[in-house]
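Peer 1: Now for the letters of each chain:
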Amino acid sequence: MLRSFIVALLTFAALANARCVQGSRTLVIYDERLSVLDNYSNLFNSMRERDYTLDFISVANETSSLQLFKGENKIYDNLMVFPIKGKTLNKHVSGKSLLQFSLAGGNVLAVSSPESLSDPVRLFLNQLGIYPSPKDYRLVDHFQKSSDGIRIGTDGLKNRFVYKPYDEEEDFFITNSSVAILDNREQLVPILVAPRTSYASGKGKDLWVSGSQGYLVVGFQALNNARTAWVGSPEFLSNSNHQSNGILAKELTKWTFKEKGVIKTNGFRHSHIDGTSYEEAPYKIKDAVNYEVSFSEWNGEEWQPFEATDIQFELKMLDPYYRLNLIPSHRDETYQWYTTGDFRLPDHHGVFTFQVDYKRAGLSLVSVSDVKAIRHLAHDEYPRSWEITNARVYISGIFAVIFAWVLFVIFFVSTSKTTKNFNTEKKNN
Amino acid sequence: MSVHKNDGVRGVILPWVQTLLTVTIFVAMFGAAISSRLFSVIRFESIIHEFDPWFNFRATKYLVSHSFLEFLNWFDDRTWYPLGRVTGGTLYPGLMTTSGAVWHLFRKIGLPIDIRNICVMFAPAFSGVTAWATYQFTKEIKDSSAGLLAGAFMAIVPGYISRSVAGSYDNEAIAITLLMVTFMFWIKAQKRGSILYAALTALFYFYMVSAWGGYVFITNLIPLHIFILILMGRYNSKLYAAYTTWYAIGTLASMQIPFVGFLPIRSNDHMAALGVFGLIQIVAFGNFIKSQVPSEKFKIVMVVSLLVILGVGVAGLFTLTYMGFIAPWTGRFYSLWDTNYAKIHIPIIASVSEHQPVAWPAFFFDTHFLIWLFPAGVFLLFLELKDEHVFVIAYSVLCSYFAGVMIRLMLTLTPVICVAAAVTLSKLFDIYLNFSKDEKKLDYSSLLSRLVVSGSFIYYLYLFVFHSTWVTRIAYSSPSVVLPSTTSDGRPALIDDFREAYYWLRMNTDEDAKVAAWWDYGYQIGGMADRTTLVDNNTWNNTHIAIVGKAMSSPEWKSYQIFKQHDVDYVLVIFGGVLGFSGDDINKFLWMIRISEGIWPDEIKERDFFTSSNEYRVDSRATKTMKESLLYKMSYKDFPALFKGQGQDKVRGQAISAADVEPLDYFEEVFTSENWLVRIYQLRDEDPEGRDLHDVGLFERNTKSARKRNSKKPSLEMRV
Numbered sequence: 001m002l003r004s005f006i007v008a009l010l011t012f013a014a015l016a017n018a019r020c021v022q023g024s025r026t027l028v029i030y031d032e033r034l035s036v037l038d039n040y041s042n043l044f045n046s047m048r049e050r051d052y053t054l055d056f057i058s059v060a061n062e063t064s065s066l067q068l069f070k071g072e073n074k075i076y077d078n079l080m081v082f083p084i085k086g087k088t089l090n091k092h093v094s095g096k097s098l099l100q101f102s103l104a105g106g107n108v109l110a111v112s113s114p115e116s117l118s119d120p121v122r123l124f125l126n127q128l129g130i131y132p133s134p135k136d137y138r139l140v141d142h143f144q145k146s147s148d149g150i151r152i153g154t155d156g157l158k159n160r161f162v163y164k165p166y167d168e169e170e171d172f173f174i175t176n177s178s179v180a181i182l183d184n185r186e187q188l189v190p191i192l193v194a195p196r197t198s199y200a201s202g203k204g205k206d207l208w209v210s211g212s213q214g215y216l217v218v219g220f221q222a223l224n225n226a227r228t229a230w231v232g233s234p235e236f237l238s239n240s241n242h243q244s245n246g247i248l249a250k251e252l253t254k255w256t257f258k259e260k261g262v263i264k265t266n267g268f269r270h271s272h273i274d275g276t277s278y279e280e281a282p283y284k285i286k287d288a289v290n291y292e293v294s295f296s297e298w299n300g301e302e303w304q305p306f307e308a309t310d311i312q313f314e315l316k317m318l319d320p321y322y323r324l325n326l327i328p329s330h331r332d333e334t335y336q337w338y339t340t341g342d343f344r345l346p347d348h349h350g351v352f353t354f355q356v357d358y359k360r361a362g363l364s365l366v367s368v369s370d371v372k373a374i375r376h377l378a379h380d381e382y383p384r385s386w387e388i389t390n391a392r393v394y395i396s397g398i399f400a401v402i403f404a405w406v407l408f409v410i411f412f413v414s415t416s417k418t419t420k421n422f423n424t425e426k427k428n429n
Numbered sequence: 001m002s003v004h005k006n007d008g009v010r011g012v013i014l015p016w017v018q019t020l021l022t023v024t025i026f027v028a029m030f031g032a033a034i035s036s037r038l039f040s041v042i043r044f045e046s047i048i049h050e051f052d053p054w055f056n057f058r059a060t061k062y063l064v065s066h067s068f069l070e071f072l073n074w075f076d077d078r079t080w081y082p083l084g085r086v087t088g089g090t091l092y093p094g095l096m097t098t099s100g101a102v103w104h105l106f107r108k109i110g111l112p113i114d115i116r117n118i119c120v121m122f123a124p125a126f127s128g129v130t131a132w133a134t135y136q137f138t139k140e141i142k143d144s145s146a147g148l149l150a151g152a153f154m155a156i157v158p159g160y161i162s163r164s165v166a167g168s169y170d171n172e173a174i175a176i177t178l179l180m181v182t183f184m185f186w187i188k189a190q191k192r193g194s195i196l197y198a199a200l201t202a203l204f205y206f207y208m209v210s211a212w213g214g215y216v217f218i219t220n221l222i223p224l225h226i227f228i229l230i231l232m233g234r235y236n237s238k239l240y241a242a243y244t245t246w247y248a249i250g251t252l253a254s255m256q257i258p259f260v261g262f263l264p265i266r267s268n269d270h271m272a273a274l275g276v277f278g279l280i281q282i283v284a285f286g287n288f289i290k291s292q293v294p295s296e297k298f299k300i301v302m303v304v305s306l307l308v309i310l311g312v313g314v315a316g317l318f319t320l321t322y323m324g325f326i327a328p329w330t331g332r333f334y335s336l337w338d339t340n341y342a343k344i345h346i347p348i349i350a351s352v353s354e355h356q357p358v359a360w361p362a363f364f365f366d367t368h369f370l371i372w373l374f375p376a377g378v379f380l381l382f383l384e385l386k387d388e389h390v391f392v393i394a395y396s397v398l399c400s401y402f403a404g405v406m407i408r409l410m411l412t413l414t415p416v417i418c419v420a421a422a423v424t425l426s427k428l429f430d431i432y433l434n435f436s437k438d439e440k441k442l443d444y445s446s447l448l449s450r451l452v453v454s455g456s457f458i459y460y461l462y463l464f465v466f467h468s469t470w471v472t473r474i475a476y477s478s479p480s481v482v483l484p485s486t487t488s489d490g491r492p493a494l495i496d497d498f499r500e501a502y503y504w505l506r507m508n509t510d511e512d513a514k515v516a517a518w519w520d521y522g523y524q525i526g527g528m529a530d531r532t533t534l535v536d537n538n539t540w541n542n543t544h545i546a547i548v549g550k551a552m553s554s555p556e557w558k559s560y561q562i563f564k565q566h567d568v569d570y571v572l573v574i575f576g577g578v579l580g581f582s583g584d585d586i587n588k589f590l591w592m593i594r595i596s597e598g599i600w601p602d603e604i605k606e607r608d609f610f611t612s613s614n615e616y617r618v619d620s621r622a623t624k625t626m627k628e629s630l631l632y633k634m635s636y637k638d639f640p641a642l643f644k645g646q647g648q649d650k651v652r653g654q655a656i657s658a659a660d661v662e663p664l665d666y667f668e669e670v671f672t673s674e675n676w677l678v679r680i681y682q683l684r685d686e687d688p689e690g691r692d693l694h695d696v697g698l699f700e701r702n703t704k705s706a707r708k709r710n711s712k713k714p715s716l717e718m719r720v
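Going down the list, the protein sequences come from chains H and Z.
Going by full-length UniProt numbering, the letters in the first sequence line up with residues 1 to 429, in that order.
Going by full-length UniProt numbering, the letters in the second sequence line up with residues 1 to 720, in that order.
I should point out that these hints are in silico values taken from the structure, not numbers from a laboratory.
Computed from a predicted model, the values in this text were never measured in an experiment.
Do not rely on the hints blindly, as some may be mistaken.
Said to hold, decoys possible - Covered by chain H, according to a simulated footprint, are these stretches of chain Z (three or more residues, beta-carbon under 8 Å):
hint: 1; segment: 205-219
hint: 2; segment: 559-571
hint: 3; segment: 681-694
Claimed, not checked - The list that follows gives simulated cross-link-like pairs (lysine-lysine, DSSO-like), each with its CA atoms no further than 27 Å apart:
hint: 4; chain 1: Z; residue 1: Lys558; chain 2: H; residue 2: Lys316
hint: 5; chain 1: Z; residue 1: Lys564; chain 2: H; residue 2: Lys372
hint: 6; chain 1: H; residue 1: Lys203; chain 2: Z; residue 2: Lys558
hint: 7; chain 1: Z; residue 1: Lys713; chain 2: H; residue 2: Lys135
hint: 8; chain 1: Z; residue 1: Lys564; chain 2: H; residue 2: Lys316
hint: 9; chain 1: Z; residue 1: Lys558; chain 2: H; residue 2: Lys359
hint: 10; chain 1: H; residue 1: Lys96; chain 2: Z; residue 2: Lys713
hint: 11; chain 1: Z; residue 1: Lys564; chain 2: H; residue 2: Lys284
hint: 12; chain 1: H; residue 1: Lys359; chain 2: H; residue 2: Lys254
hint: 13; chain 1: H; residue 1: Lys96; chain 2: Z; residue 2: Lys637
Yeah, the Cβ is synthetic: ideal placement off N, Cα and C, and Gly gets one too.
Full structure from sequences and hints, please.
Peer 2: Below, the structure written as structure tokens:
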């Protein structure tokens, strides 16, 4: 059944117009001993509707060849890993190769469960600073009314770019979940946090985490914009919880596989305020210039102008000399342009970096910089002496001396004949 | 000498013969001066030498490809990144403009010569002029026979050749010529009281100011000359005319050089000239009064006014300096008087090898037998003690001291050594080579003594030529960019690692890549590799240099942060351990540490780099700080492996084993030259996953331990 499924999908994929920015070739690794795919049909169907090409490979089937790379190129754009029985995924897929996949720009959605956390996945997640609770650790919360699971309100949602709830009364239902602790690196994008009253422990084992230091769903965006997400329980995504978690699960796949929260820039330009470019007239100190940068956001179908109020421009040489909030200027179909307005370059020559470094958790990272020299004033660019009122005293002094000297010479020459004797005498002294 | 032999010849042809001989001698002198400086081109190639010349060369190229005004306003964004350098306002443009003018001249007359060849041949060409100026100078001091000797000495004396071989395109190449021309005109001016010569002195003084920072020497020597003469009671109106003309024109002219600017009226180095200028006015006025009033009254007037003037002058100088109107003495000046000053206060000055005190044998090495004729010459001048002799004496006393303190000033001492030695020798020859007829009877013992004395001195002259040639060939012709060596079977070979590495940088890195290296190599990287540097040999910003020093002496992660902050892409280190090249970065390391310790005494400590028994070690007994420092890791990376586990450092004579050298995680080796002299490392990109590069390195090296460790609960900071 699965095979025909894949064939059908592949043919479908050929016609597909992908929704994700990067690519929609997706591999789902699962273990048929643990997961029944039909339990997740809602999730997969919604992905298929969004033109994903899904390959399913069960690691229980020893003969199945599991390859992420062909030579140096990755075969898939996205990877979903469901819980696996046993320690390894496959001899071709180690923690290192998962990391390599991510470093090569691939997106990974890893799902683990308290019953199984395979070594490669754990190793990979640990490298990202996500530390899921080991086997047999479960999240429990004795303050919850129902004993079959944990309900978390929208206050547990931590990132609006991943999922912004329409309804503040929304609840997410968690059963049988691992929980992860995170380190403090900025690439981590916490998505769903554990309730304050919960904790995770195994049978007769130490506490793994307690309270809101634990996370149930975590995103990660690397500097190369590859995304990874981890979900602590497969039930979270299953059809049985579709009622409560379906939308979040869908938005999570959207975010992880770069259908949303993706922004880019079409570049920047800066020039003198009269439009003269740097190439025509290099900047000198105290020149008035302006700087513009464009931003565009992927809405799942096309690029559209991206709107934000917190984009900043920096002019720095070791330290920022300027940090300006950018204001929206003009826009076209695809791009929103932001401008600094006119500003005056610092009174300091040097090699400056014109930079916009827009990094927000949940959005792809945009950083553009341009290194340009700001020169000192040339010898003829200072105000002339007669333009400085203070200098007029000295100028008149100079001319007075010149005038007096000319007069002296005239008198000296015209009178020297008659006083010749006196002059020679003086010289001899 | 030749002129003297012809003294006895009479008749109308005498002037002709004399002229012919003089011309022949001068042609020979020029020939000797230029040809002996060509050893470097013949033995190596036509290449710019050493460090500073590379900057001068680069600036000259900029000058000939841009207009003069663009050159004057040049803001160089490829050095001192990211500060940049206002190059046009911080260099002495005399050298570049001269060679630029020569280049344009040759083009005008249809001889388009590559600017590099002009720069390489610049110093030899000017050395001939120096010899001529020395001749003229000595002629004013004694006579033309002494002048010829002095000129000939000047042409081939190694002390001068050391800075003026072909390819040594340094400020000194032209500055010594200008120094001698200025002095020559000054002697003429003060002898004759000629305003014309004084104006010429000022003109060449201006040229000198535009060419070399050593102009301060003239600025102080001429006033000193006048001051001594006044003290000796030898004031006359000639001195007044010469000095005031020179000072007025020379000072105004020197202020036109952007780099000098208002220094002549603001810096203490120039105050002597200003003071003497004031003094000579007073003395002139006093002289005038003396002629008008009786002498007893004049004495009282003089004593009182002298005391008042002295008091007011000294107090004024102190107040102005204290209030900041006059710049205090510069560090280089202090280190002239207190040889330990620089070592304690300004390590960057002490770190330059040419600022070190001179070793005594160097005097003989650089001037051969002239050095012991020199005191005799000074003594002979003392016996006569004319006004101009005072100048030579003052010059020789001052310079002997300075040369003893700072080896670089040997260069300014050399001309006066030549002059004084020539005076001695010509005096000697005046007596012992005088075979004229006035003595009727033949005295065999006298003849014999003459023959012995003059014979032995002629033999010394021969030895001098021999020595000069040998020194020039062996010691002073190496470009230091290319190192001479011998192969294992004794054939000469060239070690060309520097150019190999710079060429690699030029061809394999981004055009705007930033290269961090110790400042010694800044000019070469800029000139040969054409890449942006952080620091270079124009050591104007001590802090910026200290930053590089700090990065080199810090542990990797810290260095990485520093370099990243400065946008560095590549780090270049010089390592001589394989070759036995002792001028490498590990040997310069202590200076890096000292300079950065001066700025960050809490982070860098020189003590930490010495073992408990106070040894500077790089082998297994080296300190932890030493082994963790970036420079150590970069120098010795893979070095033990080259010798199968135990590498013998040929410079330090210590054995480095593989366990001593920890792996580099933040930097990646991209290039190592043939003899390992130059090693270039690239900064790794930050890890996209946000891990420490050290952790990445650990992970790559050892997956197993990472796996084990991670199954436990990690100890993490609370997430906020």
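Peer 1: Does each hint hold? Answer for all of them.
Peer 2: Status of the hints after comparison with the structure:
With 0 residues carrying a beta carbon less than 8 Å from a beta carbon of chain H, the segment 205-219 of chain Z misses the three-residue requirement, and the given coverage is violated. Residues of the segment 559-571 of chain Z with a Cβ under 8 Å from some Cβ of chain H number 3, which satisfies the need for three, so the listed coverage holds. Chain H is given as covering the segment 681-694 of chain Z, and this holds because 6 residues of the stretch bring a CB closer than 8 Å to a CB of that chain, at least three being needed. A threshold of 27 Å between alpha carbons decides the hint, and for Lys558(Z) with Lys316(H) the separation of about 21 Å falls inside it, so the pair holds.
Under the criterion of a C-alpha separation no larger than 27 Å, the hint pairing Lys564(Z) with Lys372(H) is consistent with the structure, at around 18 Å. Distance restraint check for Lys203(H) and Lys558(Z): the Cα-Cα separation of roughly 44 Å exceeds the 27 Å cut-off, and the hinted pair is therefore not satisfied. Restraint check: the Cα-Cα separation between Lys713(Z) and Lys135(H) comes to about 12 Å, which is no more than 27 Å; the hinted pair holds. Proposed proximity of Lys564(Z) and Lys316(H) is supported: the alpha carbons are some 14 Å apart, at most 27 Å.
Of the pairs offered as hints, the one joining Lys558(Z) and Lys359(H) holds, with about 24 Å between alpha carbons and a cut-off of 27 Å not exceeded. Note on Lys96(H) and Lys713(Z): the hinted pairing holds, with a Cα-Cα distance of about 21 Å set against a maximum of 27 Å. Taking the CA atoms of Lys564(Z) and Lys284(H), the gap is near 26 Å; set against the 27 Å cutoff, the hint holds. With a C-alpha separation of about 20 Å, the suggested pair Lys359(H) and Lys254(H) falls inside the 27 Å cut-off, and the hint holds.
A hinted pair counts as satisfied when its Cα atoms are at most 27 Å apart, and Lys96(H) with Lys637(Z) qualifies at roughly 26 Å.
Violated hints, listed in ascending order, are 1, 6; each of the other numbered hints is respected by the structure.
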